[in-house]
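Undergrad: Put the two chains together into one complex; each comes in its own frame, and the hints tell you how they fit.
In order, the protein sequence lines correspond to chains U and F.
Heads up, the first sequence is in this note's numbering, so the first residue is 1 and it goes up one at a time.
Heads up, the second sequence is in this note's numbering, so the first residue is 251 and it goes up one at a time.
Just so you know, these hints were derived from the structure itself, not from any lab.
Take these hints with a grain of salt, some might be off.
[Claimed, not checked] Listing some non-contacts, in silico: residues in chain F with all C-beta distances to chain U over 10 angstroms:
| hint | residue |
| --- | --- |
| 1 | Phe269 |
| 2 | Gln303 |
| 3 | Ile354 |
| 4 | Ala368 |
| 5 | Arg412 |
| 6 | Lys416 |
| 7 | Gln473 |
| 8 | Met475 |
| 9 | Gln498 |
| 10 | Ile506 |
| 11 | Gly523 |
| 12 | Glu533 |
| 13 | Val538 |
| 14 | Pro543 |
[To be verified] Restraint ranges, calculated between C-beta atoms of paired labels, are given here:
| hint | chain 1 | residue 1 | chain 2 | residue 2 | range |
| --- | --- | --- | --- | --- | --- |
| 15 | U | Gly247 | F | Lys574 | 55 to 61 angstroms |
| 16 | F | Arg299 | U | Gly221 | 51 to 57 angstroms |
| 17 | F | Ser468 | U | His233 | 43 to 49 angstroms |
| 18 | F | Pro543 | U | Ser62 | 47 to 53 angstroms |
| 19 | F | Lys369 | U | Thr32 | 18 to 24 angstroms |
| 20 | F | Ser355 | U | Ser2 | 54 to 60 angstroms |
| 21 | U | Glu152 | F | Pro267 | 53 to 59 angstroms |
[Stated by the list, open to error] Partial list, derived from the structure: chain U residues whose beta carbon lies under 8 angstroms from chain F:
| hint | residue |
| --- | --- |
| 22 | Leu37 |
| 23 | Asp148 |
| 24 | Ser153 |
Here a beta-carbon is modelled for each residue, glycine too, at the ideal position from N, C-alpha and C.
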Amino acid sequence: MSDHLFSSILELADDHLILGHRLSEWCGHAPTLEEDLSLPNLGLDLLGVATSLYSFASKLDSKCRSDDQLAFGRLEREYKSCLLMEKPNEHFGYTMLKQLYFSTFMEMFWENSLHSKYEDIAAVASKSVKEIAYHIRHSGEWVIRLGDGTKESRNKMLEAIYELHPYTDELFHMSKCSKQCLRDGYLPDRSKLRSSWITRIESIFEEATLPFPTISYFHAGGRDGIHTESMGHLISEMQYLQRAYPGQKW
Amino acid sequence: MYTQGLLDHSEETEETPEFLAAFQKRIDQEEKIEPHDPMPRAYRKTLIRQISQHAHSEIVGMLPEGNWITRAPTLKRKAVLLAKVQDEGGHGLYLYAAAETLGISRLEMTEQLLKGEAKYSSIFNYPTLTWADIGAIGWLVDGAAIMNQIPLCRCSYGPYARAMIKICKEESFHQRQGYEVMMTLAEGSKEQRDMAQDALNRWWWPSLMMFGPPDTESSNTDQSMKWKIKRFTNDQLRQKFLDAAIPQAKRINLTIPDKNLKWNKKLNNGRGGYSHGPIDWEEFWRVVKGGGPMARDRLRARKKAWDGGKWVRDAATAYARKVKR
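Okay, chain F solo, but in the shape it has when bound (with noise of 0.2 angstroms):
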């Protein structure tokens, strides 16, 4: 009822110049967006995809590391790496919770995912094979994920920018988490410190395909910045990553695979910085559009969780409702 509420609420808007400029206005004087509060459509649309997006990504996210749950190493990586995995999905219930309070409900969002509809992190369609992906991924998809949320933080629409305090927290300490793994492979034998080198060498690509096409070819930076959703454009962010994550691989002697990777006096304002060889686009398109290797995998994995777990909410509904009588 709640959020057909907010739908009503949404059809009412009516879009004068001076509704939008009133609300640039607002968005410009920092304050915060609530859910009652009228937004323009366009507005609304792009939180929910947004949004619902980031929330997919954090539920399809439990697969790829849950992989290893079972197969952790000792009692305390697998008591972290459970606790990790259970962290992404109480993500996925906040941001999923937020999205709701812009007039779409859960059941919504899912039935998108399962079709095949909606988008997630094109990274977790790629297989984590060995343990040493483990701490690749809390290290680097971690970390390139904490750079694109950090700004969020301050996004313009109060329920995400709140939920995104907490999840940032959290991710920050999956990051840590990840590089201790990987501090701690690379300080063992050769075949753990080869094991960490060939994780890095499959995931440092696609970590910083992770931000997205470049300026020149991204199609939603531009409004969303005017809207303060968005806060750096995915060049900046990328760069961040990069300035960051290559000392931490020098640290624990990581080889980051990129011949071309230099230092670049000019970047960031000339205070310098790490500029990357070319990234190889026409895999990202090929992952985002599906053609990732466990695409199909992950899609199928939530179908089943889902399609089995059907009988279980049914009785849970059933049973409330002979309960209310």
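Same shape as in the complex, but just chain U (with noise of 0.2 angstroms):
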């Protein structure tokens, strides 16, 4: 069991590292002082998850790795997270609307995996779903804010959109390890949780009068760990100390 169960945790963790390490990027240089205390607030709790999934993983990898070796240990390639965590902080509206897009999944799919028969899954989703309700409350105010604030934020809304609403259907691929923990009763059918993510994206859009966009192309490659460009900057970055000084404790 346990080799599909480690790689699609792995799967979330990165996730939530990723995405996380973009928020913590912030600190100090948010655009009010609130912000500058709400973002890492964000960051914290998606690292809180993701410690909790590295540490799940550990327990269930074959190399015996530990919760810090996965997080900071593997190469590019070897990070599955979906290409959307990665996607740099252009401005505000970016981190804002990628959080929406994320939450709005992420409050599903936890909401799913509550009588996950996996234990520790069904333990961090019940947490998980309290934190993400004001992420979600948090990232789609500003959304609206942004969206129908002055001609110049809600331009900005457009372009954020157009640049990453191409990143969103990822979220709801199944790669080969996740469709066999749907099978075991362990995690959420990712794809069937789209047309409701649709519906709660257009209702935010809605309020804030910004166009559900139409995309012919989706981008995809993350799980498969066919990254962006930036994702090998962001790792060399959080890595640093740990390949400066292999194996040492800190």
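TA: What follows is the structure, given as structure tokens:
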């Protein structure tokens, strides 16, 4: 059982770590002092989930790697996060839109994992569902404010939607390992969450007076370790100390 | 509107000798002064200067440590550092709010900072070069800040004193996490021990300078002591810091970079204490006056965040107006 469960948990953990890392980049550089506090809060919640997931994965790992070795010790092609997570924080609107896309998806994902046959997953689902309600509220309110704020903010949100929406479909893809986890009753069917996700995002976009886009071609590849160019830079920064001083305690 | 009301209040204060004597009597009786109480203009001005400088220090202070958030070595260290830097932002927020009760807005204070008109603790104009700097800052810089800040919990101005109680609790935690980072490095490989010693070498003297010029040259001390804004002099606080930090360094086998450091039985009213070698006050004044190695970078980073976030703040204001209608 452990191989496919290990790989599926790693996919989830990588999503949380990479997005949490991007959020952490804002600390001290946000548009308002209040956001200098709330963006790290979002990042901390995501890092907390990532830490739990890496520790579960560590227990299942045939190579017996620790949670930190899994988080900081792999090569670029071995990270399985969706491409959306690594997309750079071009501006605050990107960050909020990305958060809304991810959190809306994860809320449904965790709700459907509350009765997972794998107890650790059910436990993290129960914790995350509570946190994520705030993430949706926070990012959703900003998407509405920015979409329906000034002409400039609206244009910036249109640009963010144009850039990021093509990366959303990967959230619903079922990798080989996740299909096996679905059969075992460990994890939910991502593909079944798509229509409900679209309805929820459409409703927020409507309030934000933003158009829900029609996308002719979606990008994917993260689950196979085929990332965008920004990923290598992200992990080279994130892994710097572990690479420069291998095998030490911090 | 609230701040405007307070401003008007201050303009109306007539500073007769009777008024000043009555005010001093309240201070001497350890009464807390609250925002709507009459107070001398100079008391208000001193507090605005001090609290806003303190708030700016918290905000600018997010930058040197923030420099390592994306490079923190483990999941735990990353979360702790992120939470720690976020705490500093929270301190900035309370302190701006405390200063606002004296009749100045956060926007005015922010503009003063960005124009380079306001000061902040010049320690943050030094660079964080290695991971050990994160340990050294928590241990020494937050350690020095606590020495300064604990007496402020009893400051005569109520909102400042109350803000400081929460801040001190968090700073004490920060100090311990910094020391724990240093202890882990000091118990690690030779490279890690060297990294820890190098950080101590670079942060030690600037940390001693954080208490400000010697009492013989400090212009604001006397009046601030009389008003119970300040409870100890710069040199007294520096002494407390030395006496606390030196045994901590010894415990983890790190060497204080001061050849003249010695135990002096006469200090602390005969209880003994450490006396230190000469502090390079030229460096202190150079850094205070904007000559710190990272001074321009720090302000540039704050300005970039502020200017870059204008469209976000404008949108929030525009949207709030629409919703109100």
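Undergrad: Which numbered hints are broken by the structure, listed smallest first?
TA: none
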